[in-house]
Structures are given as C-alpha cells and as structure tokens.
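Student: Letter by letter, the chains look like this.
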Amino acid sequence: MAQKKLSIRIDGQLISAEEGQTILQAAKANGKYIPTLCALDGLTPVGACRVCLVEVSGVDRLFPACTTPIQDGMSVTTNSPRLTRYRRISVELLLIERNHVCAVCVSNGHCELQSMATAFGINTVEFAYNYPKLSLDTSHPRFVLDHNRCILCTRCVRVCAELEGAHVWDLTSRGIHARIVSEMNEKWGQATSCTSCGKCVQACPTGALAEKGWAVEEMVKNLGTVTTLVHRRGVEV
Amino acid sequence: MKKVKVATVWLDGCSGCHMSLLDMDAAIISLGRKIDIVYGPLVDAQEFPEDVDVTLVEGAVSSQDDLNKIQKIRQRTHVLISLGDCAVTGNVPAMRNSIPVNKLLQRIYVDGADERKLVPTDRVPVLLKQARPLREFVKVDFCVPGCPPPAKTILGLITDLLEGRKPDANQPVKFG
Numbered sequence: 001m002a003q004k005k006l007s008i009r010i011d012g013q014l015i016s017a018e019e020g021q022t023i024l025q026a027a028k029a030n031g032k033y034i035p036t037l038c039a040l041d042g043l044t045p046v047g048a049c050r051v052c053l054v055e056v057s058g059v060d061r062l063f064p065a066c067t068t069p070i071q072d073g074m075s076v077t078t079n080s081p082r083l084t085r086y087r088r089i090s091v092e093l094l095l096i097e098r099n100h101v102c103a104v105c106v107s108n109g110h111c112e113l114q115s116m117a118t119a120f121g122i123n124t125v126e127f128a129y130n131y132p133k134l135s136l137d138t139s140h141p142r143f144v145l146d147h148n149r150c151i152l153c154t155r156c157v158r159v160c161a162e163l164e165g166a167h168v169w170d171l172t173s174r175g176i177h178a179r180i181v182s183e184m185n186e187k188w189g190q191a192t193s194c195t196s197c198g199k200c201v202q203a204c205p206t207g208a209l210a211e212k213g214w215a216v217e218e219m220v221k222n223l224g225t226v227t228t229l230v231h232r233r234g235v236e237v
Numbered sequence: 001m002k003k004v005k006v007a008t009v010w011l012d013g014c015s016g017c018h019m020s021l022l023d024m025d026a027a028i029i030s031l032g033r034k035i036d037i038v039y040g041p042l043v044d045a046q047e048f049p050e051d052v053d054v055t056l057v058e059g060a061v062s063s064q065d066d067l068n069k070i071q072k073i074r075q076r077t078h079v080l081i082s083l084g085d086c087a088v089t090g091n092v093p094a095m096r097n098s099i100p101v102n103k104l105l106q107r108i109y110v111d112g113a114d115e116r117k118l119v120p121t122d123r124v125p126v127l128l129k130q131a132r133p134l135r136e137f138v139k140v141d142f143c144v145p146g147c148p149p150p151a152k153t154i155l156g157l158i159t160d161l162l163e164g165r166k167p168d169a170n171q172p173v174k175f176g
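Going line by line, the protein sequences match chains E and S. The first sequence begins at 1 in the working numbering and counts up one residue at a time. The second sequence begins at 1 in the working numbering and counts up one residue at a time.
It is worth saying that the hints were derived from the structure and are not from the lab. Here a beta-carbon is modelled for each residue, glycine too, at the ideal position from N, C-alpha and C. Hints are supplied without guarantee of correctness; some may be wrong.
Said to hold, decoys possible - Below, in silico cross-link-like pairs of lysine-lysine (BS3-like), each with a Cα-Cα straight-line distance of 27 Å or less:
no., chain 1, residue 1, chain 2, residue 2
1, S, 129, S, 34
2, S, 72, S, 34
3, S, 129, S, 2
4, S, 103, S, 3
5, S, 2, S, 103
6, S, 166, E, 133
7, E, 32, S, 174
8, S, 5, S, 117
9, S, 174, E, 212
10, E, 4, E, 32
11, E, 133, S, 3
12, S, 139, S, 117
13, S, 72, S, 5
14, E, 133, S, 152
15, S, 117, S, 129
What the hints assert, rightly or not - Cβ-Cβ distance ranges computed for the label pairs, FRET-style:
no., chain 1, residue 1, chain 2, residue 2, range
16, E, 33, S, 35, 39 to 49 Å
17, S, 65, E, 165, 50 to 60 Å
18, S, 120, E, 81, 30 to 40 Å
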C-alpha cells in the first residue's frame, strides 16, 4: 500500500509529503535548505545539535526539523530572525563548550562546525569560553579521538551501531560531563568489538575523530563513504 | 586632510596578525597616506597616546601586564578591534587554561630546562590564571577572527572605518 500523502506548508509553499517523513526530509525532498550538524542521511535522527530548529504555526516552542514528524496541515517556517538567533546561539554554545582551537586542528578548513559558524557570520561569541580539561585517546593504531573537538552529535555512535553493526561507541554521563566512550569506557585500542572500519571517523563533523598521521588542515573527511553505503543497502534516506 | 590615528597592539599572540596586516601589498602605501600608526610593534612610541581613533589588538589577555595595557588602551581609543583568533577566542594561548599557572611554570622553567632551573619572577609580567579573549575584559567594537585574518579582510575593515562606514557584516569570517 502506498504511503499516505499529507499536505503541509513550508515557508508558505504547499507541499505534498509522505506520512512518516520528518520536517527535514520533507523540506529536503522539496529543495528547501535547513542547516544541520548532527543529522546524517541514513542514520536515525536524534536532534542533538539544535541547529535545524524550525517554527511550526500555532505552537510557540521551536522544533528540531530532523526529529519532528510532519502532520497534515502543518505550516513550517524554516527561516526567521528568531530562528537565526537561536541557531546562532546553538553554534556559539558548541564553540564555547570545549576547546575548538581551529588554528591547530587537523580538520581546519574541512570542519562542519567551523563552516556552520562561517555560514552564520559568527565572528565572536557572546558567552564566556569554558576551556575544559579534556583527554585524547590515541590508543587505536589508526585513529585518534580528541574530546576537545567533540560536539556530541553522536554520528559516530549511530554510524557504528546502525551501519557497521558493531556499536563500539556510546555516550556516558550527562550534561557538561557527557563524553563519547568506546565499549564500556575502555581505551579505543582495547575495544575488541571495533572493526577499524573508520566509518565513525568519516562521519564525524569535526576533528574529534581523525586518522592518525595528518597535520593541521590535512584531515579531509569523506562523508560519501558513509552515504554511499546507505544507498547501496537501500536504507531509506 | 587630517590623518587617522591608528595603533596596533601585540598581547599574547605570535605576531602573525601583524604579519598579515603588512601583507596587503601595494595597498599599504595608499593606506599609509591616510593613517598615522601612532603606537605598536611597528613603530617606536613607548607610551600609548591619548585619543587614538582605531586600535587593532592581536593576542589574548594572558598576563597582568596585558590586562593593565588593554584597560588603558580602551580608555584612550575610540574604536577597539579584536584582531585574530587569540584576541577573539583565546585560541592557542588559551590551550594552557586547564593547567594551573604554577604547574605550567614549573614544567617549562624547571622540569623542561637543562640549566638554570628557576621560575623567573623578576621583570617578567605575572601570568593571569587563564589567557582569555579581549571581550571578556573590555568593550570590543569589532571582531575579526582568523589565524591570521586575511590581509584583504583587515584592509577592508580599516577602509570601511576610514570612510565612515560600519564594517561590512557580510564580509566572510572564519575561525582558524
């Protein structure tokens, strides 16, 4: 049986979308751009980064487009001064939470957080920097995990669990103490379930997960390796 | 026409932003006809003058000396600009921020030294607990991130100010 069609409006434009789609999927299918950081085609959306917030008519609070399913008659606004402000705040909070020292980062120039800041015209932040003391896990022979650059988007967790089927990564603790951990908080190099496939590295939007041996600006991620696999497996994108 | 008084300041940074400022090729000649550099590493003045029109500050605020300087500079300048990532975010100098100052000095001057293992106390500025961006100490009028900011961006900013325009908010900005 064909999927039920729903009628929604995105920025005033009438759109026919399928039941079960999220606002982000419906918007994308109709050529509407909504900025995202934690979302990745083929992975379960989690609404972690708050960059894709949109307005829904008749409701005062904002919704993450990536996790909010569409409803018949829904009217969505993807761009407004209010959204611009909140999205900017979301990115600023990511920038101050940990140590994103772009100048000495392997992903400088190829970082989704950095380019999002540029896209939003962020030239300074309005909050005080946190400068936390964070560790580096270099125990894996080929890859490195740098908590300083992690934005807790959980793409690594999801790509490992959902595509590779290994589920090496997970989140521990809450709030400001939250960290990505491999297995039961073992060193990555000791994680026996890790297949060293590197999908987590390619999916990571920042320099938090990188291949060893690259210097500043040299770590170019290839998201294609992840999304191609998604398409090959016929996972609905 | 009266020349615009411009100062440049080098706090806790690597001087790369000053290098970028000098890297604007021939444009620096015509710029030199419109501005007087009244203070900074590029000129001789010892004391920060009164009534400066524009001050470009490179580097984070890292020592008590930096802090005293920047407070005085803020009082004596009309438009204060954070130039580069160190002044805007703390950047590399702020990478020491999670290490207590005494441990840091011990590591560098005692554990890391081959001879004269002694933490200097005389004639060197006392470090603040953390190196932090300018904006957290004084009011900053404009921020130009980048490590360093491109010469073109700096030129564009100064030109906008000279011609009485608000610096172009649409000018591309990039950390790092």
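Student: Confirm or reject each hint.
Tutor: Quick rundown of the hints versus the structure:
For the hint pairing residue 129/S with residue 34/S, the CA-to-CA distance comes to about 40 Å; that exceeds 27 Å, so the pair is violated. Of the supplied pair hints, the one linking residue 72/S and residue 34/S holds, its CA atoms being roughly 25 Å apart against a limit of 27 Å. Of the pairs offered as hints, the one joining residue 129/S and residue 2/S is violated, with about 42 Å between alpha carbons and a cut-off of 27 Å exceeded. Using a Cα cut-off of 27 Å, the hinted pair residue 103/S and residue 3/S is violated, with the two alpha carbons roughly 48 Å apart.
Proposed proximity of residue 2/S and residue 103/S is contradicted: the alpha carbons are some 51 Å apart, above 27 Å. Taking the CA atoms of residue 166/S and residue 133/E, the gap is near 38 Å; set against the 27 Å cutoff, the hint is violated. With a C-alpha separation of about 25 Å, the suggested pairing of residue 32/E with residue 174/S holds against the 27 Å cut-off. Restraint check: the Cα-Cα separation between residue 5/S and residue 117/S comes to about 44 Å, which exceeds 27 Å; the hinted pair is violated.
Under the criterion of a C-alpha separation no larger than 27 Å, the hint pairing residue 174/S with residue 212/E is consistent with the structure, at around 25 Å. Restraint check for residue 4/E and residue 32/E: the C-alpha separation of about 21 Å stays at or below 27 Å, so the hint holds. Proximity of residue 133/E to residue 3/S is assessed by CA-CA distance (about 47 Å); at most 27 Å being required, the pair is judged violated. A hinted pair counts as satisfied when its Cα atoms are at most 27 Å apart, and residue 139/S with residue 117/S does not qualify at roughly 40 Å.
Simply put, residue 72/S and residue 5/S have alpha-carbon atoms about 16 Å apart, close enough for the 27 Å limit, and the pair holds. For the hint linking residue 133/E to residue 152/S, the alpha-carbon distance of about 36 Å lies beyond 27 Å, and the restraint is violated. Taking the CA atoms of residue 117/S and residue 129/S, the gap is about 22 Å. The hint holds against a cut of 27 Å. Taking 39 to 49 Å as the suggested C-beta distance range, the pair residue 33/E and residue 35/S conforms, at roughly 42 Å.
The given range of 50 to 60 Å is respected by residue 65/S and residue 165/E, whose C-beta atoms sit roughly 57 Å from each other. Between residue 120/S and residue 81/E the CB atoms are about 52 Å apart, so this pair departs from the stated range of 30 to 40 Å.
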